[in-house]
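*Asks:* These protein sequence lines map, in sequence, to chains P and F.
So that you can map any letter, position 485 of the first sequence is 485 in the working numbering, and since no number is skipped, the others follow by simple counting.
So that you can map any letter, position 225 of the second sequence is 225 in the working numbering, and since no number is skipped, the others follow by simple counting.
Warning: the hint list may mix true and false statements.
[Unchecked claim] Computed list of lysine-lysine pairs in DSSO-like fashion (alpha-carbon distance at most 30 Å, straight line): (1) F:K28 - P:K124; (2) F:K65 - P:K124; (3) P:K358 - P:K527; (4) P:K339 - P:K457; (5) F:K222 - P:K124; (6) P:K124 - P:K339.
Hints listed in this document are in silico derivations from the structure and should not be mistaken for laboratory results.
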Amino acid sequence: MRLDALFGYIVERLPELWLRTGEHLMLTGCSTLAAMSIGIPVGILLSRTTWLRGPIMGVIGILQTIPSLAMLVFLLALLNKIGVLPALIALTLYALLPIARNTLTGLEEVSAEVMEAAEGIGMKEYQQLMMVRIPLAAPVIVAGIRTAAVVGVGIATLSAFIGAGGLGQFINRGLALANTKLILLGAVPAALLALVVDFSIGAFEWGLRPERKRDKKGSAQSFMRPLAFMLPVALILIGSVTYFTKPGWIFKSETRFETSHRIIRLATKNFTEQLILGEMMAQLIEAKTDFKVQRRFNLGGTMICHGALVNKEIDLYAEYTGTGLTVILKHPVIADPEKALDYVTKVYHERFNLQWLKPFGFNNSYAITVRAADAEKFRWNTISDLQASAQGLRAGFTAEFAERPDGYPGLRQTYNLQFGEVRDFDPSLMYEAIAKGEVDVICAFATDGRIASYHLKPLKDDRQFFPPYYAAPVIREDILKKYPKIGDVLELLGGIIDDATMQQLNFEVDAKKRQTAEVVTEFLNAKEILYIEN
Amino acid sequence: MIKLTHVSKSFDGGQSYAVKDLSFQVRKGEMLVLLGSSGCGKTTTLKMINRLIEPTQGTVEVDGKDVMGRNPVELRRQIGYVFQGIGLFPHMTVEQNVEIVPRLLGWSSRSKRERMQELLSLVELPPESFAKRFPDELSGGQQQRIGVARALAADPDYLLMDEPFGALDALTREALQQELLTLKKQLKKTIVFVTHDLHEALLLGDRIAILHEGHLEQIGTKKDILNAPATQFVRDLFTTREPGTFTLRDT
Numbered sequence: 001m002r003l004d005a006l007f008g009y010i011v012e013r014l015p016e017l018w019l020r021t022g023e024h025l026m027l028t029g030c031s032t033l034a035a036m037s038i039g040i041p042v043g044i045l046l047s048r049t050t051w052l053r054g055p056i057m058g059v060i061g062i063l064q065t066i067p068s069l070a071m072l073v074f075l076l077a078l079l080n081k082i083g084v085l086p087a088l089i090a091l092t093l094y095a096l097l098p099i100a101r102n103t104l105t106g107l108e109e110v111s112a113e114v115m116e117a118a119e120g121i122g123m124k125e126y127q128q129l130m131m132v133r134i135p136l137a138a139p140v141i142v143a144g145i146r147t148a149a150v151v152g153v154g155i156a157t158l159s160a161f162i163g164a165g166g167l168g169q170f171i172n173r174g175l176a177l178a179n180t181k182l183i184l185l186g187a188v189p190a191a192l193l194a195l196v197v198d199f200s201i202g203a204f205e206w207g208l209r210p211e212r213k214r215d216k217k218g219s220a221q222s223f224m225r226p227l228a229f230m231l232p233v234a235l236i237l238i239g240s241v242t243y244f245t246k247p248g249w250i251f252k253s254e255t256r257f258e259t260s261h262r263i264i265r266l267a268t269k270n271f272t273e274q275l276i277l278g279e280m281m282a283q284l285i286e287a288k289t290d291f292k293v294q295r296r297f298n299l300g301g302t303m304i305c306h307g308a309l310v311n312k313e314i315d316l317y318a319e320y321t322g323t324g325l326t327v328i329l330k331h332p333v334i335a336d337p338e339k340a341l342d343y344v345t346k347v348y349h350e351r352f353n354l355q356w357l358k359p360f361g362f363n364n365s366y367a368i369t370v371r372a373a374d375a376e377k378f379r380w381n382t383i384s385d386l387q388a389s390a391q392g393l394r395a396g397f398t399a400e401f402a403e404r405p406d407g408y409p410g411l412r413q414t415y416n417l418q419f420g421e422v423r424d425f426d427p428s429l430m431y432e433a434i435a436k437g438e439v440d441v442i443c444a445f446a447t448d449g450r451i452a453s454y455h456l457k458p459l460k461d462d463r464q465f466f467p468p469y470y471a472a473p474v475i476r477e478d479i480l481k482k483y484p485k486i487g488d489v490l491e492l493l494g495g496i497i498d499d500a501t502m503q504q505l506n507f508e509v510d511a512k513k514r515q516t517a518e519v520v521t522e523f524l525n526a527k528e529i530l531y532i533e534n
Numbered sequence: 001m002i003k004l005t006h007v008s009k010s011f012d013g014g015q016s017y018a019v020k021d022l023s024f025q026v027r028k029g030e031m032l033v034l035l036g037s038s039g040c041g042k043t044t045t046l047k048m049i050n051r052l053i054e055p056t057q058g059t060v061e062v063d064g065k066d067v068m069g070r071n072p073v074e075l076r077r078q079i080g081y082v083f084q085g086i087g088l089f090p091h092m093t094v095e096q097n098v099e100i101v102p103r104l105l106g107w108s109s110r111s112k113r114e115r116m117q118e119l120l121s122l123v124e125l126p127p128e129s130f131a132k133r134f135p136d137e138l139s140g141g142q143q144q145r146i147g148v149a150r151a152l153a154a155d156p157d158y159l160l161m162d163e164p165f166g167a168l169d170a171l172t173r174e175a176l177q178q179e180l181l182t183l184k185k186q187l188k189k190t191i192v193f194v195t196h197d198l199h200e201a202l203l204l205g206d207r208i209a210i211l212h213e214g215h216l217e218q219i220g221t222k223k224d225i226l227n228a229p230a231t232q233f234v235r236d237l238f239t240t241r242e243p244g245t246f247t248l249r250d251t
């Protein structure tokens, strides 16, 4: 890519970059502050009660070892909420260990000689703590805060998985779209932010240090001192203000709907097809109603989207019949597409007060996929053909597929298949992996554009193991009742996308790296459904 | 007056004693030197006077009152203490170090300031150039003068000094010893001074208490001790040295 094009690419996204950076700062700053307000008192308490030290530091240490995503998902389940709150709690828990441990270490390391002097001249215990021990431990405590904050900047990129925003959103979207530029747009600023945070807390520490006589009065140094002190505070303020005000000029789309007052919150999972479907529904709703669509795209998986919908955090997203059936309802596979749709429609209504609308038309079933060259060489046409050589094959599956009953566990039983090695991948990296020969078999999506562009071959499901995966909007019934217009508009999308069309749309975004919104608008215009009524 | 009566201290529940059955008095206005080698219990004895260490048996009285019956914080604020080594607060300026006890006692900032300036002049460190410095910007001798100034800040009747000059070079030590003698004449404080340095003990002490393995071997003026050593230990202490090294100037 040429430099000026890259520059243009960044400038175009500058407003959003600003917003995401603000969110990121807010997440890191607020969680670090929260961890300080817990961790420092805990450290002080532990320095005075030796017997509590083992158990409490143990618990805090264990928290640290929980993988970040697991922690986020766990909190999600616990709080029944997506977004900022679980992210803040998770980040706070991670920040706790360095802060509490450094507080304890710092307090312990104050020399016994100095503490004896403090006692000997007649300081009360709390005076010894406040006037001597804490001030002398301050550099070590601040170093702990510094570690916590810098690590926090990194972990905060994962918050985007649960819709908390931040720079991770670019990374997530980039991963979903296999778009390196987008990934870098999130990753590079995040790395820079870590440096800025590190520097600002370093400056704070410097500002905290007592001024020496040999530092000349009125010099640049003594002028800088209060500024250095303010730096981290300013950073957190900027982040919080950006986050809470979401300045209008940041969202160009918002100004377009100055008169709008109602909002539909639309979510997607984190892969290309979902983003396309989400964008399609959003554009249609925005074109044909006076609703504004809040795009809460790229949530990290089925359970997160469904959970958010049931908890009324979002209003709709596109789900697949097979996923609804086996993952949400834990029902055995129903091979007949019509019956499967009827079943999920009925049970979703009864159990969740959610409505399945008319499917878009394509069946995005899982497809066990190999390299086309291998298929020709070994004469693989059906999944059963893999049986003989499975032990020598390396499989790359999405984490979801590896665990779902309609994924690898069921596949293994039905076809008596046992692959030599199974590795979990992010959906988009899975395709890279097979193209580069790192794995031999993947669980592609039947409509994925990369099947064609990477020269892959989906094998025939000769025992009809995979249930039908017809995608359809799933929407809250109370929204539908209140605004029937939304339902009417979404019905327009019913049956208009067949497998080949979906594959083509995915191909445009994944392989040609085109903007999702642009591809969607082009498609809707071609189908002449976007502006007919207006 | 400070009075110790049959004082013992054990740190291990009675198996061994750091100080064993110690009785002596410190008279008003005198400088009593506790002399002994390391581990003889002299610092432990000193710390029992302001309750940094509490006696296992016996009583320690200050001004006729048992220290165990007094609030330790208030007691310590009334007794100046100069610590072994440095003992200054490294994060505080000279000014803040000297003002710390008056601050704890809640003096007005004006009287704190005046007292600080008075004391810095007394220990010959002009406040205008030293008040804002930090301890690590001072020489060892200067630091210990600040230690003395800090101990004197609230104008206590008693001063406890725990080998205050032990870490200084010989020249500085000698200068400070002379200054202490001058100060003592000016201020009329009752001072208990711990040292392992024979020369220092003879130079400074109005009376000397010689401790050995937790016992009091002898207490008396240097004349008493030199002329009539009470035990073999005291006799050995003085005869193993070249005669004349400690007696010339003083006797």
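*Asks:* Please go over all the hints and tell whether each is borne out by the structure.
*Replies:* Results of checking the hints against the structure:
Our distance criterion of 30 Å between C-alpha atoms is met by K28 (chain F) and K124 (chain P), whose separation comes to about 28 Å. Restraint check for K65 (chain F) and K124 (chain P): the C-alpha separation of about 21 Å stays at or below 30 Å, so the hint holds. Proximity of K358 (chain P) to K527 (chain P) is assessed by CA-CA distance (about 17 Å); at most 30 Å being required, the pair is judged to hold. With a C-alpha separation of about 29 Å, the suggested pairing of K339 (chain P) with K457 (chain P) holds against the 30 Å cut-off.
Using a Cα cut-off of 30 Å, the hinted pair K222 (chain F) and K124 (chain P) is violated, with the two alpha carbons roughly 39 Å apart. For the proposed pair K124 (chain P) and K339 (chain P), the alpha carbon gap of about 78 Å is over 30 Å, so the pair is violated.
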